[in-house]
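All chains, please: the whole structure from these sequences, using the hints.
2 protein chains.
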Amino acid sequence: MTDSTAPTAPTTDIHPLDRALELTPTEPGVWRGRTTADYWNMVGPFGGVTAATLLRAVQLHPDVLGEPLALTVNFAGPIEDGEFEVRAEPVRTNNSNRHWTLELRQGDEVLTTGTMLTGVRRDTWTDVEATRPEADGPENFERYPGLPGINWVSAYDLRYVSGGLPTEADGSADDSRSTLWVRDQPARPLDHAALTAMADCFYPRAFRRRGGFVPAGTVTLTVHFLADASEVAAHGTEHLLGTAFSRRFGRGYFDQTGELWSQDGRLLATSHQLVYFKA
Amino acid sequence: MTDSTAPTAPTTDIHPLDRALELTPTEPGVWRGRTTADYWNMVGPFGGVTAATLLRAVQLHPDVLGEPLALTVNFAGPIEDGEFEVRAEPVRTNNSNRHWTLELRQGDEVLTTGTMLTGVRRDTWTDVEATRPEADGPENFERYPGLPGINWVSAYDLRYVSGGLPTEADGSADDSRSTLWVRDQPARPLDHAALTAMADCFYPRAFRRRGGFVPAGTVTLTVHFLADASEVAAHGTEHLLGTAFSRRFGRGYFDQTGELWSQDGRLLATSHQLVYFKA
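Residue numbers (this note's numbering), protein chains in the order written: chain R, 485 to 763; chain V, 485 to 763.
Please keep in mind that the hints were generated in silico from the structure rather than gathered at the bench.
Treat the hints with care, since some could be wrong.
It does not matter which identical chain is meant; a pair holds if it fits inside one copy or across any two.
[To be verified] Derived SDA-like pairs: lysine to any residue, alpha-carbon spacing no greater than 20 angstroms straight-line:
#1 Lys762 - Phe697
#2 Lys762 - Ser580
#3 Lys762 - Gly734
#4 Lys762 - Ala700
Dropping the structure here:
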């Protein structure tokens, strides 16, 4: 699927996500990147990949300490097709963790802000208290065919178990929840960057409650990484089971919480968003 | 209740929360504040009041636009008893909202970072989809008596409906949820600052799952304001119903989600934390 406002990506062996996350260092703590056609959204890049790009900057920083634990990204303004500058600054270091501030600019304009926490994990008591939604395996569901002009949807193998993107014929639903299988397309071994991007793979819950498209966009996204790095790495290329829902809609905004589960019932990450909408 | 490491607060007519949030401007976008005995925690100020102090700085800024929508605060290092400096910088303004970066320092040390979104709300379709936990009114429950050395607990009227702070005799619980009535003590009309502080009123969920105290501390807190300013102001001095739970514990961290409800079933705010623990 192509979009007239975004360039056509060259064919190479590199995975489209890795191409989207390519950053070139320009000075200490600063990198240059560029938007790619593969993850174009309607009026800018897919927010999940923008969040993953900020996370990647921290991972590339020579002072990175430990693995990603938490990330908040604020989508402050529209990113235009082309180059951007990313900054990651370590602002506080403790024995086992480090706090970062993040920024994405085009020219003089700050378009994304954020904060991140990385740290060294240690062994503790462990329990997954939440319950994975019931769902037959991904092979039992059709791949979602994609959406004209919204390239990033085709960069995933999305298989809705319930709560698929509504059409006008569906009408409004009484609850906002969707559950779906999700994997990079083409398949790519899971890492924190891919997990971050997938944490934003859920369409705005207002679509489901209103029975079709309404203007909506995430203004802030928080991801908590609940699996450790070895679990993320061991996941490989299997689908994740994602589920998302909202608690309250009104006066121009709604919240949206997502969970990303492994097939064997490990909760890898959660996302919590505030989303702007008109309806 | 007093704590030997914190000064005794002078007796005045000002509410303890307002005293804790007092900020004196020192240069544009910078304020000086100080910790107070009323909200002292074991080794520093109550995180909820630190978060509320950063929110207050934005509210005092001459460029504030609209009302609080979302706040993320990262507890990067321990704040010592005494003065601190707070910075709030507007980094991006759109038609109806403004993005802020936040910082709290003592001397040269950055001890808290954060980001915030303020905005003008507009009328839209509205629905509270989540369900308020069942609970009889606050008059049916005893006020929690407080904890030696943890002053902030006594700055609230906390009435546990279920999942009270466990004692050794209680043992470990199978689920992490607590539900409680909460109000400032003495009573104070609700505003965004008070709501922010209350979003951190839930003890660490690991206490409940492990059946007693374990070392634990919030490293990052995100608050989403789902009620508009008129609803917050109209709430007055009634108790809020809070409920909190965790999804996964392990490798040194767990997540914790809280909801703050009005008595008549309006969800005013949610909180999402990542918490460090040893157990």
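Now the hints, each set against the structure:
1. Lys762 - Phe697: For Lys762 and Phe697, only the intra-copy Cα distance (10 angstroms) is at most 20 angstroms; the inter-copy one is 46 angstroms.
2. Lys762 - Ser580: Only across copies: Lys762 and Ser580 sit 13 angstroms apart there, 43 angstroms inside one copy, limit 20 angstroms.
3. Lys762 - Gly734: Cα proximity of Lys762 and Gly734: one copy only (9 angstroms, versus 39 angstroms across).
4. Lys762 - Ala700: For Lys762 and Ala700, the Cα distance is within 20 angstroms only inside one copy (7 angstroms; across copies 41 angstroms).
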